[in-house]
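Protein sequence lines, in the order shown, are assigned to chains A and B. The first sequence lines up with residues 21 to 280 when you count with the working numbering. The second sequence lines up with residues 1026 to 1283 when you count with the working numbering.
For the record, the hints were derived by calculation from the structure and aren't laboratory data. Incorrect hints may appear among the rest.
Derived contacts from chain B toward chain A, CB cut-off under 8 Å, selection only [unchecked claim]: (1) ASP1038; (2) THR1160; (3) PRO1162.
Beyond 12 Å from chain A on every Cβ pair, some chain B residues (computed) [said to hold, decoys possible]: (4) GLU1063; (5) VAL1092; (6) MET1146; (7) MET1155; (8) PHE1199.
All C-beta atoms in this analysis are idealised placements derived from N, C-alpha and C, irrespective of residue type, glycine included.
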Amino acid sequence: METRTQHTESKKATAGKKEVIRIRDLRKSFGENQVLRGFNLTLYENENLVVMGKSGSGKSVMIKCLVGLMEPDEGVVEVLGQDISTLEQQELDHLRSDIGFLFQGSALYDSMTVRENLEFPMRRHKEKLGRITDTLPLVMEALENVGLAHAIDLMPAELSGGMKRRIALARALILKPKLILYDEPTSGLDPITSKEIIGLMRNIQRKYGTASLIITHDVDCARVISERILLLVEGTNYAEGTYGELSSSTDPKVEAFFKK
Amino acid sequence: MNQNRSIGELIRDFLSETGQLAYFAGRFFREVVRPPYEFREFLRQCYQMGNRSLVLVLVTGFIIGLVLTLQSRPTLIEFGAESWMPNMVGISIVREIGPVIIALICAGRIASGIGAELGSMRVTEQIDAMEVSGTNPFNYLVVTRVLATTLMIPLLVIFGDMIALYGSALVEYFKGGMSFQLYFNKVSDALAYADFIPATIKSFFFGFMIGLVGCYKGYYCQKGTAGVGKAANTAVVNASLLVFFVDFMAVFISDIFY
Ligand SMILES: Nc1ncnc2c1ncn2[C@@H]1O[C@H](COP(=O)(O)OP(=O)(O)O)[C@@H](O)[C@H]1O
Ligand SMILES: [Mg+2]
């Protein structure tokens, strides 16, 4: 991989593992605005990878290319061994049932109760659930994972920001995905609630052993949760390494992320 | 809107907007026949639209019936044509005033509601979330809503027409001493299928346009809270203009056939 600064320690840890996400030379522009200019990323199984970048650097665009919400102009995007651009709609939907997506602003459906929100992903992915007809145990399990079993009949408008984020997390997990994508999981939350969300993310990772791609510009979040960090600067993968390696870097562009 | 744009730019914007709306309509017709059919969501939308607009439609219809009759009475009396009141009011309400006014009210109520609802769903990434969950959001959100308006607005028009005639009959009863039975007998004599059928067909088109424009504006809403307001606002304006346009076309076409 042609990351400019590749630290050796993180390279050793990932050797010989199966690739869950493979992005090569991803390019995407909106008119004159070149957002991604040759971005590369590899996520291995059971791994936590944090992508950091300034606001507006194209983190959300990158993650949306991963699930087919946006089409890249150029480049290869492979998720769970499948090239996104070659998939038919049905195959894409099938692949999506293996991916959990936590949206930046939670994206709960306003007009539905918490329970209906959690049941929504099951509507089209029945084959994944086998012959389950009663969805309640699954909903309860997901809610207990985030400690909000009592909120099952509430509407999103009745929840606080932190609770919404937890419900969104429960919804992302409901189909037991092999891969979870987090788009700024702690944005807009106070530091204490952020810590709780990060704690939940770690528990879930431990319990189900899923691979996670976490997008953030929150240094604390990156420090606690990352095994490996990739910096997105000017549309490319600028540097890569563990938190310790990057935070002690002397490159001014890298330092800018970790300065207090 | 930017005041400094030239006529040429305005025309170009208008044409591109029309083209995009036509494309959106084309997508609707492609997706409407494609399973899965979101029947429950369709029923829910029908119920909500009816529920939210019925009182408004009834009040407006009633007042229009009253006012139209009160204001025409002096003139008709002057010509000694007072007994023609049911014919005149019946025809003008059923053929023209009922469908257009009620469609305009629904443009204000329903198109703006859809525009704001889908707009905020777009801005808060709820539409993306649906897509990622394997549910086709166009099918689930747009097709159900457009079908619901296409069905519900003709129904609302019929209710509005009926209560407008009732309001008119009430005036005749109190001011002219005409019994309700006589009034409605005269109305049903005056109205032919040639009045009723084009008006109903027209109402289906009004409903279709109102749903389509509301969904189009909401579905392609721009990011930010301002985008949602703009989506709701332009949905009302464009839907109202389209109601007039469809009405003009309908009158033009039915003039040829009848
Ligand atoms: N649908 C879109 N249309 C046009 N420009 C977009 C669109 N989505 C994102 N952009 C632009 O791409 C850039 C990166 O956006 P984004 O990925 O959301 O940033 P972030 O890294 O904060 O998540 C921004 O400059 C934004 O204006
Ligand atoms: Mg973002």
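At 12 Å, judged by beta carbons, does B/MET1146 keep clear of chain A as stated? Incorrect as stated: the minimum Cβ-Cβ distance to chain A is 8 Å, not above 12 Å.
Taking the closest Cβ pair, is B/ASP1038 under 8 Å from chain A? violated, 17 Å
Status of B/VAL1092, Cβ more than 12 Å from any chain A Cβ: It holds; B/VAL1092 is separated from chain A by about 37 Å at its closest Cβ, greater than 12 Å.
12 Å Cβ clearance of B/MET1155 from chain A: violated, 7 Å
Would the least Cβ to Cβ distance between B/PHE1199 and chain A come out above 12 Å? holds, 45 Å
Assertion that B/GLU1063 lies outside the chain A interface [Cβ separation over 12 Å]: Nearest chain A Cβ is 10 Å from B/GLU1063, so the label is violated.
Is the hint on B/PRO1162 kept, meaning its closest Cβ partner in chain A is under 8 Å away? violated, 11 Å
Holds or violated: B/THR1160 as interface residue toward chain A, Cβ cutoff 8 Å? At 5 Å from the nearest chain A Cβ, B/THR1160 passes the 8 Å test, so the hint holds.
Comparing the model with each earlier hint shows violations of hints 1, 3, 4, 6, 7; every other hint is respected.
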